[in-house]
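2 protein chains.
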Amino acid sequence: MSLARVHNFAISLDGFGTGEGQSREAPFGHAGERLHQWMFKTRFWHDMIGKPGGSSGIDDAFARQFNPGIGAEIMGAGKYGFPGWHEDPEWKGWWGPNPPFHTPTFILTHHTRPPIEMEGGTTFHFLDASPAEALEAARKAAEGQDVRIGGGATVVREFLAARLIDHMHVVVAPILLGRGVRLWDELEDLEKDYDIEATSSPSGVTHLTFTRAGG
Amino acid sequence: MSLARVHNFAISLDGFGTGEGQSREAPFGHAGERLHQWMFKTRFWHDMIGKPGGSSGIDDAFARQFNPGIGAEIMGAGKYGFPGWHEDPEWKGWWGPNPPFHTPTFILTHHTRPPIEMEGGTTFHFLDASPAEALEAARKAAEGQDVRIGGGATVVREFLAARLIDHMHVVVAPILLGRGVRLWDELEDLEKDYDIEATSSPSGVTHLTFTRAGG
Numbered sequence: 041m042s043l044a045r046v047h048n049f050a051i052s053l054d055g056f057g058t059g060e061g062q063s064r065e066a067p068f069g070h071a072g073e074r075l076h077q078w079m080f081k082t083r084f085w086h087d088m089i090g091k092p093g094g095s096s097g098i099d100d101a102f103a104r105q106f107n108p109g110i111g112a113e114i115m116g117a118g119k120y121g122f123p124g125w126h127e128d129p130e131w132k133g134w135w136g137p138n139p140p141f142h143t144p145t146f147i148l149t150h151h152t153r154p155p156i157e158m159e160g161g162t163t164f165h166f167l168d169a170s171p172a173e174a175l176e177a178a179r180k181a182a183e184g185q186d187v188r189i190g191g192g193a194t195v196v197r198e199f200l201a202a203r204l205i206d207h208m209h210v211v212v213a214p215i216l217l218g219r220g221v222r223l224w225d226e227l228e229d230l231e232k233d234y235d236i237e238a239t240s241s242p243s244g245v246t247h248l249t250f251t252r253a254g255g
Numbered sequence: 041m042s043l044a045r046v047h048n049f050a051i052s053l054d055g056f057g058t059g060e061g062q063s064r065e066a067p068f069g070h071a072g073e074r075l076h077q078w079m080f081k082t083r084f085w086h087d088m089i090g091k092p093g094g095s096s097g098i099d100d101a102f103a104r105q106f107n108p109g110i111g112a113e114i115m116g117a118g119k120y121g122f123p124g125w126h127e128d129p130e131w132k133g134w135w136g137p138n139p140p141f142h143t144p145t146f147i148l149t150h151h152t153r154p155p156i157e158m159e160g161g162t163t164f165h166f167l168d169a170s171p172a173e174a175l176e177a178a179r180k181a182a183e184g185q186d187v188r189i190g191g192g193a194t195v196v197r198e199f200l201a202a203r204l205i206d207h208m209h210v211v212v213a214p215i216l217l218g219r220g221v222r223l224w225d226e227l228e229d230l231e232k233d234y235d236i237e238a239t240s241s242p243s244g245v246t247h248l249t250f251t252r253a254g255g
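Each protein sequence line maps, in turn, to chains A and B. Note that the first sequence covers residues 41 to 255 in my numbering. Note that the second sequence covers residues 41 to 255 in my numbering.
Everything labelled a hint here was simulated from the structure, so no lab data went into it. Even for Gly, the Cβ is constructed at its ideal location relative to N, Cα and C. Check each hint, because a few of them may be wrong.
Covered, in the sense of this in silico footprint (three residues per stretch, anywhere, with C-beta under 8 Å from a C-beta of chain B), are these stretches of chain A [said to hold, decoys possible]: (1) 119-126; (2) 188-195; (3) 224-238.
27 Å max Cα-Cα, derived BS3-like pairs, lysine-lysine [as the list claims (entries may be wrong)]: (4) B/Lys232 <-> A/Lys81; (5) B/Lys180 <-> B/Lys132; (6) B/Lys91 <-> B/Lys81; (7) A/Lys132 <-> A/Lys91; (8) B/Lys132 <-> B/Lys91; (9) A/Lys232 <-> B/Lys81.
Away from chain B, derived, C-beta distances all over 10 Å, residues of chain A [what the hints assert, rightly or not]: (10) Ala66; (11) Gln77; (12) Pro214.
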């Protein structure tokens, strides 16, 4: 069974998955990199950017669930690019020639364009589709493996609202952003569908895992 | 130095300190008692209601910080009574003849009335005042001891916004209420004033403590 999984999705204490004022210069708006400091310190991240060292405790253990078993990713247009990226025919995402996905990667957008093949196994596909339709396409591309729902907050929330997420790992960072895009809006009683575990880390963040109840 | 402290203040994952639709029959609205299940299982709570047993782990250790060193409480009108309580001259709070405060207790309300002396040391004082003014009055009544800011969410948020809280214990319960009164609104960058610790409990809740930085 191919699962739909969320990993390393960070929010502030007040529930924002990204800040306000996103732009080409500020991908996370006024949040900057503050939601992801916990990850930059892990061995998982150090390995990825080719830097020695990094922590190997609980933050690392969770962070490195990101890749194994994943055969495709779905992300929102707001993760793929700055507001207005679709007017730039040369835009190929934030990640340089070799993006960290290494699978077919589906971008949900009303501004579709032909697929872009990148180095390292990532191909960007542009899809104007509902969450359920996108998941069906991504599952086909994943060839039996799982599909990662990559964010941003709006996309994760829409997949949760459509009851399409099987496993979710959310990281609560001890900061208050005050404004931005909320993860939790309109998800009353979500806990009834999931077994939820909270694990606080010495780094200050709390890892929340949602596993579909009885799944 | 007399501190302003918050204890055992529970919120949902999506940040609501109480539900929607509060009434005489439903003090927490559609949230019911779900935010406080963690506390009912502690030895602290069992002791308070004269029942044997109860847990003595981390939830209990935090819960019983509620009383020691407290000389007065401040609460909002929404904690003291249902919407419209001020039209009932006989209303004396939810807690029966012997409320669990045992100190002077200040109710912030535009509908003031003369003080009400209850059993067990609780006296209700009704005050139409700003947070800073109320804290000054409560500190005087506390005679050198600390003042507990008792809630609800609106009152805790106002005291936080006015930078009047020295110590805060918030309990995040693994439920999503979807609607109600939010604790965290308009508190951008609050973390800069505090050392924040997160401690997850086997019961499923996460305890957050805010201690004024350098305090």
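Indices of hints not satisfied (ascending): Violated hints (numbers, rising): 1, 2 and 12; every other hint is consistent with the structure.
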